[in-house]
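S.K.: Sequence:
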Amino acid sequence: MPQIPANRVSHIHMLKLLQQDPLDLPQLSQLVKRDTSLTYRFLRLVNSPMCAMRQKVTSIMSALLVVGDDAVRRIITLAITSELNANQPLEILRMAFIRADFANWHPVFAG
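Note that the working numbering has the sequence shown beginning at 5, numbered continuously upward.
In short, the hints are calculated from the structure, not lab data. Possibly wrong hints are sitting among the right ones.
What the hints assert, rightly or not - Under the rule of at most 25 Å between Cα atoms (straight-line distance), these lysine to any residue pairs were calculated in the SDA-like manner:
{"#": "1", "residue 1": "K20", "residue 2": "I96"}
{"#": "2", "residue 1": "K37", "residue 2": "N89"}
{"#": "3", "residue 1": "K37", "residue 2": "V71"}
{"#": "4", "residue 1": "K37", "residue 2": "P53"}
{"#": "5", "residue 1": "K60", "residue 2": "D28"}
{"#": "6", "residue 1": "K37", "residue 2": "D74"}
Let the sequences and hints guide you as you build the complete structure.
M.R.: What follows is the structure, given as structure tokens:
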């Protein structure tokens with residue numbers, strides 16, 4: 005049986021946590037801290053002009069609180085799925101997100 009890399013297990017655990025309402029921010033913060041690439045990208049995004057922060061955010065917990073639950077779900081899900089899809093063409097990921105968006109929008113598929 006092939007061994008699953010530790011970061012993939014962590015990513016799957018994060019995706020599972022993102023489905024909970026409300027988010028377990030302390031646990032999510034710990035999981036994000038374990039992934040240096042995700043930590044760097046998340047803090048870089050939060051400190052970008054797009055978020056228009058007055059002060060530099062340096063901790064994951066602060067970033068999670070500042071951005072808000074919905075944005076955290078979108079940002080981390082996109083970062084993880086793009087990393088899991090690294091060996092595939094970008095169009096496959098784009099189509100998956102379009103289909104997921106359609107399934108959430110369409111009354112037949114929406115929960």
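S.K.: Taking the earlier hints as the rules, which of them does this structure contradict?
M.R.: Of the numbered hints, all hold.
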